Structure formats: structure tokens, C-alpha cells
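If you're matching them up, the sequences are chains A and B in order.
So the numbering used here is basically just the index in the first sequence, starting at one, shifted up by 9.
So the numbering used here is basically just the index in the second sequence, starting at one, shifted up by 46.
Among these hints, one or two may not hold up.
As the list claims (entries may be wrong) - Which residues of chain B face chain A? A few of them, derived with a C-beta cut under 10 Å, are:
| hint | residue |
| --- | --- |
| 1 | G346 |
| 2 | I351 |
| 3 | G352 |
| 4 | N354 |
| 5 | K355 |
| 6 | I451 |
What the hints assert, rightly or not - Now the in silico label distances, taken between C-beta atoms and shown as ranges:
| hint | chain 1 | residue 1 | chain 2 | residue 2 | range |
| --- | --- | --- | --- | --- | --- |
| 7 | B | E449 | A | M10 | 30 to 38 Å |
| 8 | A | Y22 | B | N332 | 28 to 36 Å |
| 9 | B | G320 | A | E144 | 36 to 44 Å |
| 10 | A | E144 | B | I417 | 46 to 54 Å |
Rather than coming from a laboratory, the hints here were simulated on the basis of the structure.
Please read these numbers as outputs of a predicted model, since none were measured by experiment.
For every residue, glycine included, the Cβ atom is placed at its ideal position computed from N, Cα and C.
Residues per chain, in single letters:
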Amino acid sequence: MSIITIEDLKKSYRDSEVAVKALNGINLTFDQGEFAAIVGPSGSGKTTLLNMVGGLDKPDSGSILIGEVDVAKLNSRKLIDFRLHNIGFVFQSYNLIPVLTAFENVEFIMNLQGVKREKRQKRAVELLEAVGLGERIHSRPSKLSGGQQQRVAVARALASRPRFILADEPTANLDSVSTRNLLDIMEKLNHEEKITFIFSTHDKRVVDKAHRVIVLEDGIVVKDEKVKI
Amino acid sequence: MIWIIAWKNIWRNKVRSLVVVMAIAFGLLGGVFSSAVLKGTGDQRVREGVSRETSHLQIHKPAFAEDNDVRYVIDGDRKTLVAVLDTIKFIEAWSPRVKFMAMAGSANAGTGVMVMGIDPEKERRVTDIHSLICDSCGSWFKEGKGMQVVVGQALAKKLKVHLNSKIILTFQDMQGNLTGGAFRICGIYRTSNSVFDEMNIFVNRTDITPLLAADIGACHEIAIRLKDAGMTDRVQQTIRKLFPSILIQNWKEIDPLLGMMNDFMDLWLYLFMGIILLALGFGIINTMLMAILERTRELGMLAAIGMNKQKIFSLIMLESVFLSLTGGIIGIIMGVLLTLYTNHTGINLGSLTEGFEKIGYNPILYPSLNIIYFINLTLMVVATGILASVYPARRALKLHPAEAIRNE
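My request is simple: use the sequences and hints to build the entire structure.
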């Protein structure tokens with residue numbers, strides 16, 4: 010069953026006086042439990058597409074149905090609330106709150122959702138253990154390696170129980186060991202918990218792990234293939 | 047949790063935050079102490095003015111208040127009036143006075159003075175002039191010592207007289223005849239107001255009424271001291287209702303300058319602190335703007351994961367309030383300690399004594415402030431923090447999450 014349906018999505022930006030077509034009619038669907046990578050050269054529209062699906066930016070035309078909701082039509086207030094309850098984000102630069110511990114970073118998003126203290130604390134510990142950071146829950150981001158920080162970011166993204174997780178170049182700043190660890194954790198979560206992951210990436214190691222690879226060029230899908238596992 | 051993040055955020059750049067905190071702290075220390083000096087000086091002047099010059103209330107015949115003519119004694123049923131004064135529970139004491147202008151002369155000089163013919167025992171319960179006669183300067187009136195006068199030090203100096211010297215008072219009696227008498231100086235007082243000291247002399251009412259050709263018991267003025275200054279208006283209204291033909295004035299009406307000082311001092315202090323906080327507010331705005339600029343990506347991330355605008359605004363506002371309040375509380379505590387210390391020791395403006403006394407101020411200042419001022423000041427600091435956060439918070443809310451996340 011598809012959880013995301015993208016129809017004829019178009020977006021252009023003005024660069025000086027020239028209009029640049031970042032997305033030029035994208036049609037895609039994503040099913041529950043997918044582990045998909047969006048690849049393509051720089052400027053192909055990967056990040057723009059992820060921003061549209063994540064409700065961080067508005068398309069010029071087309072629709073993005075997440076479940077029954079067209080996120081392109083939500084106003085700013087509803088969109089923030091929708092993101093909080095439906096979408097998990099993992100960013101290239103980790104983007105953890107530096108003054109909070111790993112535990113507090115994971116707990117914070119549940120605090121925004123209004124989850125009760127006991128419940129959110131229990132879940133934060135469970136998630137950090139699931140990403141292999143059970144021993145580092147009280148460490149601040151500055152005391153963690155890049156790979157560990159990105160695992161905290163994955164735990165934070167999962168904390169809100171989203172319908173899917175969008176990861177924008179999650180391994181771009183990681184070494185190969187950290188990348189392998191992170192991908193193993195995400196693959197395990199996908200396999201065991203049926204968590205849907207959608208990546209934008211340049212990283213071949215991510216592409217190799219993906220179960221579906223979507224290739225974008227000049228704002229259009231030029232290839233969309235499922236990999237047999 | 048937002049409170050915790052806000053508190054931790056202000057210590058991310060310790061040096062920058064400490065600089066702002068110290069600027070606020072020392073700004074408020076200066077403001078609080080200056081306010082305490084002003085307030086203490088003003089209160090002292092009002093206190094001394096009321097206890098030495100005006101008392102809380104004064105009763106006159108209306109015409110006397112207009113031209114101080116010696117003929118305008120309080121008439122009607124004086125006995126009923128003073129009997130009523132004795133029954134009003136808020137009145138601590140009252141003192142009848144004969145009051146008129148005279149020429150005071152010594153062998154060396156002469157000058158105009160205001161003669162206060164008083165009942166010594168009643169007067170000492172209303173004013174504290176009797177306590178301002180130093181040990182070597184004689185004493186308040188003693189019975190059986192003839193015609194005595196208590197003069198101010200400034201007058202004694204001007205007339206070049208000293209204790210036990212005689213001075214001649216010349217004045218008009220109630221029939222308009224020129225009359226006078228010789229009085230021996232039994233005491234020399236000194237207040238903090240040299241103009242008052244030079245102008246006012248005290249004689250026994252029983253000595254002066256025969257010279258004035260007035261009835262025994264005649265008086266131009268009844269000065270009233272209350273147990274609680276807060277009851278002034280109430281007692282004034284009561285007496286006014288009972289005796290509509292007499293003029294009863296409170297100390298603010300008698301000495302409008304004193305009243306204005308009392309009424310406008312608080313307003314002035316808040317205005318003064320408001321200006322200091324306004325200046326500090328710009329410092330806070332600058333710090334918060336820098337903090338937001340440095341945290342663009344983080345704020346973008348917070349918006350992206352679902353932190354709504356109200357919460358982002360609250361976060362920035364709390365940081366600004368915490369920053370202001372930390373500096374504010376340190377500054378207020380330092381200000382309170384300095385005020386308490388100097389209130390205990392006093393600040394002696396020795397070299398400025400003469401100048402201060404000429405304008406009626408005590409040259410030893412006792413800074414003081416009341417608790418309400420500190421509560422209001424704390425609220426003003428919080429308000430400054432909130433107002434200073436508005437512009438930076440609006441800047442934060444205008445960030446586009448997708449762009450902010452990619453900010454380097």
C-alpha cells in the first residue's frame with residue numbers, strides 16, 4: 010500500500026534572472042517499508058524533491074499525498090504539526106541540539122508531541138539502545154563521533170513514530186566504518202520494524218544497500234528500479 | 047524542556063553572555079544605587095520637613111493663610127475644636143501657635159524673622175526642634191526663667207549673638223501698634239535647613255500674647271501630628287466636615303514643593319531606571335541577534351522537525367529573559383547590599399554641607415528604597431528581556447527551514 014503518492018510535481022527557482030527548473034514533472038509512489046535511494050548528479054533535484062515530500066518547501070504545481078493529506082495544500086501551521094507527527098528527518102550535518110545529551114535530543118521531539126514524561130523517557134532509552142548507543146545516552150553531541158551523532162539523529166527521527174524517514178545525504182560526513190554501522194542499523198530497522206527510509210545520496214555504499222534506486226536528472230525521473238534482495 | 051534548553055543556550059558562548067550579564071548587572075547597580083540616593087534624600091527631606099516645618103496638618107483661619115495678618119486668629123469655638131482634636135484617635139499631638147513676622151535685633155544686627163509663639167510641652171510632641179539643640183547650645187524652654195527665645199544657629203550667627211544673649215523683637219500688635227520685647231536666648235537649634243534656622247524663632251505663647259494684645263489662648267495656627275502619615279487625608283476630611291469655616295491643610299498643600307517631591311520621586315525613579323533598561327535592552331538585542339545568526343541551522347532544524355512558531359518564539363524570548371534576569375538579579379542584589387550598607391553608615395557630603403543646608407537638605411545622605419520598588423524593578427527587567435527578544439525572535443521566525451538547514 011502506498012504511503013506517498015507524488016503526481017506531476019514541478020518546482021522552479023529564480024537564479025538571478027533565469028528560472029531554473031529543479032523538478033519538472035515528477036511522478037512517484039512509495040510503499041510502506043521501502044528502503045529507497047534517490048540518486049543523481051548535483052543539481053538534479055534530489056534535495057528539492059526531499060524538501061517537497063518533507064513539507065519543507067512548496068511545489069509550484071502537482072500534489073504530494075501522504076496518506077490522504079496533500080501536503081502541498083497545507084498552511085504553514087498545519088504543515089509544522091504534520092511534520093511533527095508524520096515525518097522523521099535525518100540531516101547531512103546531524104543537526105542535534107548541542108546543549109542537550111543524546112537522551113534529551115531524542116526525548117525532545119516527543120516532548121514537542123506532548124508525550125508523557127515516563128513514556129518518552131522509556132522510548133528514548135529503547136531507541137538509543139536500538140542504534141547501539143545505550144552506553145552513551147548521557148553524552149552531549151560534542152562528545153560523540155560523527156557516526157554516533159548520526160545514529161542519535163536516526164533515533165530522534167524514529168522517536169516521533171513517523172510514517173517514514175527522509176534522510177538527506179546521511180553518510181556524506183561519515184567515514185566508511187561509521188557509514189557501514191549506520192546503514193546496518195537503518196536496514197535492520199527497515200527489515201524488523203518495517204520503517205520506511207527514503208535517502209538522497211551520492212554514496213555508492215548507500216545505493217548498494219537500497220532496495221529501490223530512483224535516478225533523477227534535470228528534475229525528472231530517468232530510472233526507477235527495484236533491487237531484488 | 048524549552049526552559050532548560052533556553053537556560054543552557056545562553057551559556058553556549060560564556061564570554062559573550064557574561065559580558066552582557068555584567069553590563070546589565072553594573073548598569074542596574076548604578077541605577078539602583080542612584081535611585082536609592084535620590085529616594086533616600088527625598089524621603090529624608092520630606093520627613094524632616096514634616097517633622098520640623100509643616101507637621102501633617104495645619105489649621106488656620108482662611109484669611110490668615112492669605113496674608114499672615116496678626117489679627118486673623120482662629121476664632122469661633124476654639125474649645126470645641128481642640129476638644130474634638132483630642133477625640134480623634136489618629137492624632138498623636140497638636141500644638142497651638144501664635145505666628146507673626148517681627149524684626150529681631152541684637153546689639154550688632156537686625157533681621158526679619160517668623161515668631162512662633164508656642165506651648166513648649168505641646169510643641170515638643172509635634173515637632174522635634176527641641177531635640178536639635180546640642181548640649182552646649184542651651185535647652186528648650188524652662189519655667190520661671192523670664193522671657194525666653196529659642197533661635198536657629200544661622201540666625202544667631204547673623205545677629206552675632208550666643209546663648210544667654212538678649213535679642214529685641216519688634217512687631218505690630220493686634221491693634222496695629224508697634225510693640226516689642228526683650229527675650230533671652232535659652233537655646234540654639236540647628237536643623238539641616240539653614241534657611242529655616244535663619245527665619246524661625248520660638249517663644250513661649252504665654253509671654254507673647256500679652257504683647258500682641260491678644261486673648262489668652264489665642265492662636266493663628268494649630269499644627270497636628272498624626273500617628274500614621276497615611277491617615278492624613280482621612281483626618282483632614284473629618285475636621286473639614288466638622289468645622290467648615292476653618293481652613294485645614296495637609297503638608298502637601300502647605301509646602302507644595304515638598305508634596306511634589308513626594309509624589310514625583312517614584313515616577314522619576316522609574317523613568318530613570320526605564321532609560322537605563324532601554325540602553326541595556328539594545329545590548330541584549332545585539333547579543334540575541336548574534337546568537338540567532340550563529341544558530342541558523344539549528345533553528346532551521348527545530349522548525350523542520352516540527353517545533354512550531356510559538357515555541358521557537360518562546361525559546362528566543364526565554365533566552366533573552368534569562369539573560370536579562372541573571373544580570374538584573376546580580377545588579378539588584380549588589381544595589382541592595384550597597385544601599386543597606388550606606389543606609390547604615392550614611393554618606394557624608396562634608397565639603398558640600400553649606401550648599402545642601404541652604405536648600406534644606408541634610409548633607410548626610412541615607413540611601414533607601416522600598417521593597418515594592420525592587421519588585422517592580424525585577425518586573426521591568428523581565429519586560430526588558432521580553433521586549434528585547436521580539437526583534438531577534440521575529441528574525442528567527444522568518445528563517446526558511448529548508449534554507450536554514452543548509453546554512454554553513
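Against the structure, the hints come out as follows:
For G346 (chain B), the suggested interface contact is upheld, since its CB lies about 8 Å from the closest CB of chain A, less than 10 Å. Using the Cβ-Cβ criterion of 10 Å, the hint placing I351 (chain B) at the interface with chain A is satisfied: the shortest such distance is roughly 6 Å. This hint holds: G352 (chain B) has a C-beta 3 Å from the nearest C-beta of chain A, less than the 10 Å allowed. The closest approach between the C-beta of N354 (chain B) and any C-beta of chain A is roughly 5 Å, which is under the 10 Å cut-off, so the hint is satisfied.
With 10 Å as the threshold, the beta carbon of K355 (chain B) comes within range of chain A, its nearest partner Cβ sitting at about 7 Å, so the hint holds. Because the smallest distance between the Cβ of I451 (chain B) and any Cβ of chain A comes to about 6 Å, under 10 Å, the interface hint for this residue holds. For E449 (chain B) and M10 (chain A), the hinted distance range of 30 to 38 Å is satisfied, since their beta carbons lie about 34 Å from each other. For the pair Y22 (chain A) and N332 (chain B), the supplied restraint of 28 to 36 Å holds, since their beta-carbon distance comes to about 33 Å.
Range check, G320 (chain B) to E144 (chain A): Cβ separation about 53 Å, and the 36 to 44 Å hint is violated. The hinted range of 46 to 54 Å is satisfied by E144 (chain A) and I417 (chain B), whose Cβ atoms lie roughly 52 Å apart.
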